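Chemist: As you go down the protein sequences, you meet chains A and B in turn.
Residue 184, in the working numbering, is where the first sequence stops; the numbers in between run on with no holes.
Residue 531, in the working numbering, is where the second sequence stops; the numbers in between run on with no holes.
Be aware that a few hints might be false.
[Unchecked claim] In silico EDC-like pairs for lysine to aspartate or glutamate, Cα to Cα no more than 20 Å straight-line:
id: 1; chain 1: B; residue 1: 108; chain 2: A; residue 2: 86
id: 2; chain 1: A; residue 1: 118; chain 2: A; residue 2: 170
id: 3; chain 1: B; residue 1: 99; chain 2: B; residue 2: 74
id: 4; chain 1: B; residue 1: 108; chain 2: B; residue 2: 87
id: 5; chain 1: B; residue 1: 512; chain 2: B; residue 2: 424
id: 6; chain 1: B; residue 1: 108; chain 2: A; residue 2: 125
id: 7; chain 1: B; residue 1: 108; chain 2: A; residue 2: 126
id: 8; chain 1: B; residue 1: 99; chain 2: B; residue 2: 89
id: 9; chain 1: B; residue 1: 108; chain 2: A; residue 2: 121
[What the hints assert, rightly or not] Okay, the calculated beta carbon distance ranges per label pair:
id: 10; chain 1: B; residue 1: 291; chain 2: A; residue 2: 42; range: 37 to 45 Å
id: 11; chain 1: A; residue 1: 55; chain 2: B; residue 2: 294; range: 26 to 34 Å
id: 12; chain 1: B; residue 1: 25; chain 2: A; residue 2: 104; range: 41 to 49 Å
id: 13; chain 1: B; residue 1: 125; chain 2: A; residue 2: 104; range: 43 to 51 Å
id: 14; chain 1: B; residue 1: 161; chain 2: A; residue 2: 158; range: 38 to 46 Å
id: 15; chain 1: B; residue 1: 298; chain 2: A; residue 2: 158; range: 32 to 40 Å
id: 16; chain 1: B; residue 1: 294; chain 2: A; residue 2: 126; range: 28 to 36 Å
id: 17; chain 1: A; residue 1: 74; chain 2: B; residue 2: 513; range: 57 to 65 Å
These are calculated hints, taken from the structure and not from any lab test.
The model shown is predicted, which means the values in this text are computed figures rather than measured ones.
Note that the Cβ used here is the ideal one computed from N, Cα and C, for glycine as well.
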Amino acid sequence: MTALILNDLVLLDLDADDRTEVTRRLAERLAAAGRVTDLDGFLADVRAREEQMPTGLPGGIGIPHARSAFVTAPTLGFARVPKGVDWGAEDGPATLVFLIAAPEGGGSEHLTILAALARRLIHASFRDALMAAPDEAAVVAVITREVTP
Amino acid sequence: MRLVAVTSCPTGIAHTYMAAEALEQAGRAAGHEIQVETQGAAGATPLPPEVIAAADAVIFGVDVEVRDRYRFEGKPIVQVPVKKAISDAAAIIEQAVEAARNAPAPEPAGGAAPTGAPRGPALASKVTSDAGTATRVRQWLMTGVSYMIPFVAAGGILIALSFMLAQAVSGKQGAIDVTKISIDTVAQHFDATSGMHWAALLFWIGKTSFNFLVPALAGFIAFAIADRPGIVPGFVGGSLAVTVGAGFLGGIAAGFLGGFVALWLARRAVPKAVRGVMPVVVIPLVATLLTGAIMLVVLGRPLKWVSDELKRGLDGMSGTNLVILGIVLGLMMAFDMGGPVNKVAYTFATAGLQTAATSTGADTALKIMATVMAAGMTPPLGLALATRLRPSLFTEPERENGNAAWLLGASFITEGAIPFAAGDPLRVIPSLMVGSGVTGGLVMAFGSTLRAPHGGLWVTPLIGGVFPYLIALVLGTVITALVVVTLKQLGRRPLETVTAGEPLAAA
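Build the full structure now, drawing on both the sequences and the hints.
Modeler: Following this line, the structure appears as structure tokens:
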């Protein structure tokens, strides 16, 4: 199975003005890594979900996500945005952004990795570890260690 | 306190699982037992019915309709948007605990007493959502059959008892005379000192129970497919199948039709305002209308056409080789066990009886009646014998039904074979046809006659040429049983893997 996240899919100290820009910057990395076949198509799918209801959650996190025909494998893009961008959460802007890409078709079993990821997002210890990670490799290590289906 | 929860969201990959985790963490932190069903894209494993039955309160953290919501009926429910369940899990848990405390008349503890839906959820869970198509079709059929069996047992045995009593009271003609006592006579002028009235009472109750056979089969096939919304279209479709003369095969068709129409409707995305009335009004109304219209307008005519053509073919054949006619009638009696083809052969025989009194060709008509009755008795008798010969080839309910099948077969109630045939039509129906064909051909060859239109073994005194008749009956019964056992053994290996896989998939 392909890795959920790679060093190239982590953006630390991202400077962006709004959630659209954060999402696009992450999605570009997914496209460069071959996880997304059509950047604009995928972004449209994410936007459609985001328009139903913003995906910001308390604790400063945003989880833009979509099941999309343009996704080749379950993939996570991660960004730290120190100054924060508004993601629609009640308690303020998001500083940790998780872009979750799921393939449209296929069996449900490989989506369990994303289910496991979503469950970890609830835990403050997981978020703190990601906040404190010194570099991309450390972020990948934290996620790979904690997220097991 | 015991809590259960369902979480779901539009995409099914993130919030569903975050909410589940948040509720589990918060619930355990507050000292409660909690189990969460995640209805997400990674597939949902339904909560076991006993866990739901034991729960004190239910939490729905959902942005889309809860699948199979009826399972939670009668429980205190707290429903919130999925994001609320993530961000305020502790408060939601507190609300659920509060709701449980305020709930009127708490359900008895333990899983034994299901609320609202009697046994429904338990039976529905028999159908495994990720099984192969063939397995699921079989599970749908078996669900319908398992609900139908009590109707067959109650109705068939009451009718048989009625014949036995009438026989004891009025002798030879009793089993015929009892069917001529109208239900009005029983209701308006019941004479407790008359044995025949008691027999007629049994007969009418049994006949009425029998009238539910096909609707119950169709209704619960549809229930297995579409859950509760399927019941009404299934029942109505099944009842219409009877009305248009489509018998139990028509009932199966109606069950599948009603189930899939209801399922299709239940999966429509509808505006939130309408969602509340969907299961109560819209789905039953529209699904029943569609199913009924298709059964009447689309399926009714071809079925009637098939019946008419068969009848015409039979009429043309009666002058030729009588043994071939006997075999054909036997095959028809067994083909659908009380359905249209069976009824064509039976009607052909009884219609002949009416002319037999005046016509000089009376013998042929009476032979046809004897042929049809004997061939209609071997399917249940043969299956009853088969369940005794090789019990391991049959399911527990089938073996129990096998005991009743002795009496049903002896009473010429071919429908006694339906529960076996519905569960495994491709092996059972051909076996029944072989046995009935042999019996039919033999009775015709021996030239036995019968003057009664019904009654089974109880009208044996009315049969002319009774010993060859009984030999043909026994031979057909034994052959049916042997062929069933052989065919079931041939297909045994795949059957075993299927049944072995079921508990795993359901767990």
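Chemist: Taking the hints in turn, state whether each one holds.
Modeler: Results of checking the hints against the structure:
1. 108(B) - 86(A): 18 Å, holds
2. 118(A) - 170(A): 18 Å, holds
3. 99(B) - 74(B): 13 Å, holds
4. 108(B) - 87(B): 10 Å, holds
5. 512(B) - 424(B): 18 Å, holds
6. 108(B) - 125(A): Cα-Cα ~11 Å, so holds.
7. 108(B) - 126(A): Given pair residue 108(B), residue 126(A) holds - Cα atoms ~13 Å apart, limit 20 Å.
8. 99(B) - 89(B): Since the Cα atoms of residue 99(B) and residue 89(B) sit roughly 17 Å apart, the hinted pair holds (cutoff 20 Å).
9. 108(B) - 121(A): 18 Å, holds
10. 291(B) - 42(A): 37 to 45 Å: 42 Å, holds
11. 55(A) - 294(B): 26 to 34 Å: Holds, at about 31 Å.
12. 25(B) - 104(A): 41 to 49 Å: 44 Å, holds
13. 125(B) - 104(A): 43 to 51 Å: Check passed, 48 Å falls within 43 to 51 Å.
14. 161(B) - 158(A): 38 to 46 Å: Between residue 161(B) and residue 158(A), where Cβ atoms are some 44 Å apart, the hint holds.
15. 298(B) - 158(A): 32 to 40 Å: 39 Å, holds
16. 294(B) - 126(A): 28 to 36 Å: 33 Å, holds
17. 74(A) - 513(B): 57 to 65 Å: With Cβ atoms ~60 Å apart, the hint holds.
This entry satisfies every hint, going by the numbered hints stated previously.
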